[in-house]
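Could you put the whole structure together from the sequences, leaning on the hints where they help?
Number of protein chains: 6
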Amino acid sequence: MQKHIDKAKILVETLPYLRSFRNKIVVIKYGGSAMLNETLKKQVVQDISFMKMAGIFPVIVHGGGPEINNFLNKIQKKSEFVEGLRVTDEETMEVVEMTLSGKINKEISANLQNQGLNAVGISGKDGNLLIAKKKFINGQDVGFIGEVETVNTELIEILIEKDFIPVISPVAREMEGNSYNINADYAASAIAGALKAEKLIFLTDIEGLLKDVNDPSSLISRISVSEAQKLIDDKTISGGMIPKIDCCMEAVKKGVSAVHILDGRIEHSLLLDIFTDKGFGTLVYNDN
Amino acid sequence: MQKHIDKAKILVETLPYLRSFRNKIVVIKYGGSAMLNETLKKQVVQDISFMKMAGIFPVIVHGGGPEINNFLNKIQKKSEFVEGLRVTDEETMEVVEMTLSGKINKEISANLQNQGLNAVGISGKDGNLLIAKKKFINGQDVGFIGEVETVNTELIEILIEKDFIPVISPVAREMEGNSYNINADYAASAIAGALKAEKLIFLTDIEGLLKDVNDPSSLISRISVSEAQKLIDDKTISGGMIPKIDCCMEAVKKGVSAVHILDGRIEHSLLLDIFTDKGFGTLVYNDN
Amino acid sequence: MQKHIDKAKILVETLPYLRSFRNKIVVIKYGGSAMLNETLKKQVVQDISFMKMAGIFPVIVHGGGPEINNFLNKIQKKSEFVEGLRVTDEETMEVVEMTLSGKINKEISANLQNQGLNAVGISGKDGNLLIAKKKFINGQDVGFIGEVETVNTELIEILIEKDFIPVISPVAREMEGNSYNINADYAASAIAGALKAEKLIFLTDIEGLLKDVNDPSSLISRISVSEAQKLIDDKTISGGMIPKIDCCMEAVKKGVSAVHILDGRIEHSLLLDIFTDKGFGTLVYNDN
Amino acid sequence: MQKHIDKAKILVETLPYLRSFRNKIVVIKYGGSAMLNETLKKQVVQDISFMKMAGIFPVIVHGGGPEINNFLNKIQKKSEFVEGLRVTDEETMEVVEMTLSGKINKEISANLQNQGLNAVGISGKDGNLLIAKKKFINGQDVGFIGEVETVNTELIEILIEKDFIPVISPVAREMEGNSYNINADYAASAIAGALKAEKLIFLTDIEGLLKDVNDPSSLISRISVSEAQKLIDDKTISGGMIPKIDCCMEAVKKGVSAVHILDGRIEHSLLLDIFTDKGFGTLVYNDN
Amino acid sequence: MQKHIDKAKILVETLPYLRSFRNKIVVIKYGGSAMLNETLKKQVVQDISFMKMAGIFPVIVHGGGPEINNFLNKIQKKSEFVEGLRVTDEETMEVVEMTLSGKINKEISANLQNQGLNAVGISGKDGNLLIAKKKFINGQDVGFIGEVETVNTELIEILIEKDFIPVISPVAREMEGNSYNINADYAASAIAGALKAEKLIFLTDIEGLLKDVNDPSSLISRISVSEAQKLIDDKTISGGMIPKIDCCMEAVKKGVSAVHILDGRIEHSLLLDIFTDKGFGTLVYNDN
Amino acid sequence: MQKHIDKAKILVETLPYLRSFRNKIVVIKYGGSAMLNETLKKQVVQDISFMKMAGIFPVIVHGGGPEINNFLNKIQKKSEFVEGLRVTDEETMEVVEMTLSGKINKEISANLQNQGLNAVGISGKDGNLLIAKKKFINGQDVGFIGEVETVNTELIEILIEKDFIPVISPVAREMEGNSYNINADYAASAIAGALKAEKLIFLTDIEGLLKDVNDPSSLISRISVSEAQKLIDDKTISGGMIPKIDCCMEAVKKGVSAVHILDGRIEHSLLLDIFTDKGFGTLVYNDN
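Chains as they are written, first to last, in numbering that gives the first Met the number 0: chain C, 0 to 287; chain G, 0 to 287; chain Y, 0 to 287; chain R, 0 to 287; chain H, 0 to 287; chain F, 0 to 287.
No lab work stands behind these hints, which were simulated from the structure alone. Just so we're clear, the structure is a prediction, and the values are computed from it rather than from any experiment. A portion of the hints provided could be inaccurate.
You can't tell identical chains apart in this list, so a pair holds if it fits in one copy or across any two.
Below, a list of computed lysine-lysine pairs in the DSSO-like style, where the Cα atoms sit at most 27 Å apart [as the list claims (entries may be wrong)]:
# : residue 1 : residue 2
1 : K40       : K132
2 : K2        : K41
3 : K229      : K253
4 : K41       : K132
5 : K253      : K234
6 : K8        : K41
7 : K243      : K210
8 : K132      : K77
The following block contains the structure:
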């Protein structure tokens, strides 16, 4: 009996967190190991289920991961690279979209439904959700890679109101009709900003924001937008960390209350982040 | 970290229970030790808070306990007894109502609000909730003791819809205007039946339904309405157990899916009952 | 027949008043003789019934009157006094709350229901209606006597919208959980102000605002907030009249269109005030 | 003061009537002297105003009275008669419709608005309200005189819900597009039946249903549908009384709770009928 | 088959127009030949039907045309004239109102209903739609001729929302209760302005705004409010053109996006104007 | 000008069709040449746009066509065949789903949005729309080919109500979590039946139902369900025609008013079918 009572006590400990997130939107950028490892995958679904049942409105934006490469290999597509970024020609874009919107998106939607939830997989091309324009990398045309111009949240808001969990693949429509691949971090940031979400969580494969990418002990636990800007300006942060922190800052500036970079390799990291006082990863917040 | 992950796993274990009780009404008859012991009192409030946050609609019906006697002693009121039941004259009824509706009711309402919930304390006399008629004990008039004639759930349903927790004291209005004290078990049973509640829970000071009142090992874990009727008919159950099981049967017959007699002396008994598979107490169910 | 036609003509005379109060909130501070005298009590209920039927939304805030003293006497409680005000220790507060919220409040609610209306008795402790803080009298701690800090009208507005008459006892919750007794005049004033009521009526045992408390002929029929302030400043008004007029001024400043001090000893004073051009009592209005 | 208190008492006497008619539809067939005499006209408007303010939903169906003849005379139209009924050729119908829908209808609507009410004058041709077919009198074609085939209450219900008083002229559209004059009594009866009105009142120039048309003392105060049928069958009632009672019976059969034939020549007859226990005129009720 | 495909192509050509007028209000001043010629009458009804079916919200304001004279002749009413304007005494006003509100209004409403639409004929006197004051012509009293003081669009908005087409006759109520005839052009302009309509169309018997009234080739296709003012100021436009262009300018100033003067003698002019790029008539637009 | 008037007349000719399909659901099975030929593709989008603008609620269910084969070829997947049906192993199913839900579905959704409409591409796996079970072909397991067990229309109904056009790919979830390919004809039939659609249209590459598949002149224009059953029973219809007519019969039996087999190779076939009286293809209707 005591074992059960102890469990009940753990439930009761979540009360302050339940109270503060009730009826709030939490956008989750889902990617990395948490999308590959079968145990973690299952736990992410459970965590999102618990969040939904506990009165939170989760919105999922997913990335593509290695699946895209797998398919490009299958069709023996050779790619050119510009500054380490794959040039996305029409054939590549086709595979990218099919994998994102036709495979990964539907799998996440189905896994959530298997837990008894009501989920809907859409892409940024549906319901005028994401309108993009071509993105140039240092002035170079790298094909169908875009950046978000406008976000129309009507469809997401309807789905939330009607008790569905929206699962969104980061593909956008351009006004002329072409499809563009959007970096999933930026898509999540733009969507969270437009929704004025309570929280945006990046499920990543890093411990959080590191001063020194190679030194886990250099983790920054909390950082304000202006502090982050300073770290970028004085080049303390550099390399792959810059787009990540840039996304966080964008979202905070657009009105998201808090942005978290979490280590998705830790079990139940979503629940840990929301329902315990176990701080881990990095919190980016506004200080204006 | 592992400790926190283990906690998250416990949250996740509640998923099947969260799913089945989401948006369902659970009526709780609140009384006994759980209303006296300070630790238990606090836990009941936490448990109800967790239920509410987790999407359940709790409705509280409380009893009076020793407070009524305390006040009768304070005013040095001597009482007559009929078949062990206190004759409730006008002066007694005044004290009963003041204690139930003015003290206990408001205290429970306030305790829930202190947890950040929205609670409203009403009595069965408000909003035409309970209409009563005089109850005779073996043909004898024992004063202002009544039984429920009609339940009008409109006010409760509005409060539930608007996100309030109704806390109800078992006092009813008679059509001619008098006030009547209603046995809290019967009041809870009538209200749960009228609401077609998913569950009715009696928080008691017993282990559950016992074949032999003096032998805790004679606990009946599950019993159907017709089995219960047989135990009454062949006098296996007797004495104080009879009104208790009678209340349960009434509620089940009126459409409550399941009625539980719980031992409120156990810590977090409400959460244990709803969110774990730890069966304890007695479940009464319909077998028609 | 002519007698009946004359009655119809009287109904028709109310048309201009019906038009101006349709769908408006009128807060009534109910106290004094109108709460003691059986004839007056019955008439107040009739008057409120007529108001409700005629499309007005009445909200009742009641006081305690001599009932509280009766109960303190019954339990032989001796009280200390500071500046003529009873020091409200915990035991006293318990009796105050039980009497206000458990006896008087429920009686008024029941009387209105007996007239076929839908009434709900709540206290300021329910639905986060009134949040209080301790009130010091000239720097002295007089126990559980509080003043209103915030009014949350959500519950009242829901009840009004759903066709119920709210009946409110002047007890408030403090953030730390204690209960405080609020002067009923101030409670009514704060509630009327928060509701932006069309009218606030004080049912009193005086003719209205008197320049000389002992001289009924010194009645002031209409007075603006700034005129009233002048009378206070130059000490024309003094003594017990000051808190009364202070309440009126508070309400007007918060947005109540008109505040009336009525003589509740006059039969049907509520109907007279609202549905006839028979001016009596004192009207306080805004002149900013 | 006493005079005013007495008035308040008269208001209070209406409470039981206010309660029983609250949110109920009352259809009034408006015609006869009450539409001609200036004093009565003004009183009818006041009475309807009071009804509306007191929570009743009045629906007015008016007749044409002598105005139609005035206009036919003005244009020097000679009419043929069949069984005492004017043959309504196209030119006559034009005058009938213009008078009913363009003059009387708009005047009643305007008079109600002048009392501060929101009224809308429509004809049975608007919003598909009344669909008619040609009526033959003993097999003879008498022109554009019709009887109601179907009533579509949607427009009336919208107007009632939005707080307007519908004022209806008894002209109907035939499916082929022609306009037909409908006897106003039958139009009111059909509309009241389709609305399942609480009450249908005929404002007439007679005392009520008379056994002997020439003897006012032969007034029948209450009569059931089957009793009325018997009086028709055994020819106790005859002549002009027959269509009147027939209308009443039709309405009752279609679900109107009570139909009253009132003497509209009495001042404030509408208020007398609804808000006093002064029985006058004839009540027709269902006895099935 | 090809013939049918060609028709489908014509439907498809309307897509851009359908998109821009979807859920927009278009006020149509209906008068002139389009109200007299049987073929044109039928086409106007068809055009309005198509507009309604295609998602536009049409609102009709009609004039009176020769019908009023016919009736004045029928009753042998002689009229006096002031500056070419008929002096409208009480008897004349009666005929005007009966013709407008009782004949023409109901005929248009019925014709639309015969096409399967839901139409409601009201006058500006209903639902407090138009409140007028007396209009003096160069200081002279010409009787019951008024100008619009206030427009209350509530009734029209309810009818639109509930899927009805409002048909409005240009008669207004004065606060004292008199009826006034309003020039239909000005009534349409005031109503369109109050509704912030997308478009106001005048169906006239002229080609549009002509610099020289006698020279159709002097048609102005597009003109801004300030250009129009200049043409008035320098007397390029004069005579009967002035009130017409004045109405247009009024409406544009009050927020109507575009005002069209159309030649209603052209078949299907309404559809031509809205659903093709065939520009004809005059467009008045805002240039501020 | 006359050319434009003639166009307006063509618009007006659609009125009876607009009336009968207003606010009705039309399910379109989109496949065949109309999905391949660029001109036809563009016309289908225009036709659906016109339908939507004209007040119809279109729901699109699409097939896969040669795209699936293209991708299987690209990855050099060899397939086994059973009774002419490709055995769908896991790798094949992956390609099928990616092509249907990730490529074709999103392209249709985007094309509709490019016309200014609000469209959302979902698969039968979203929102619990289609639940499937494995389909055996003559007892043989052919892999992930399924048949519809239950249709949950909630998501579609929400999208329709909120003004979106649902575009659905025929992939379903099995309760255990696997994905199944559903024949698009059967998916459309099941969805139309569950929605009680007014019409189900199959856009095919045949003239309609042919008695002799090789003889276009054997086209059946109208056929009832029982006549169709007879043709199947006596083997008049055979081969590939049987599943087609079976789908039609299924839909009609479940409550679709009319099912049309159209020749999608004809330009604007959708508009021709709905907005003209040009009968072509085959109509299947209910005769019970």
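Hint by hint, here is what the structure shows:
1. K40 - K132: Cα proximity of K40 and K132: across copies only (25 Å, versus 32 Å in one copy).
2. K2 - K41: both (25 Å within a copy, 20 Å between copies)
3. K229 - K253: within (19 Å within a copy, 48 Å between copies)
4. K41 - K132: between (35 Å within a copy, 24 Å between copies)
5. K253 - K234: within (24 Å within a copy, 55 Å between copies)
6. K8 - K41: For K8 and K41, both the intra-copy (25 Å) and inter-copy (12 Å) Cα distances are at most 27 Å.
7. K243 - K210: within (13 Å within a copy, 65 Å between copies)
8. K132 - K77: within (25 Å within a copy, 39 Å between copies)
Checked against the numbered hints given earlier, the structure satisfies every one of them.
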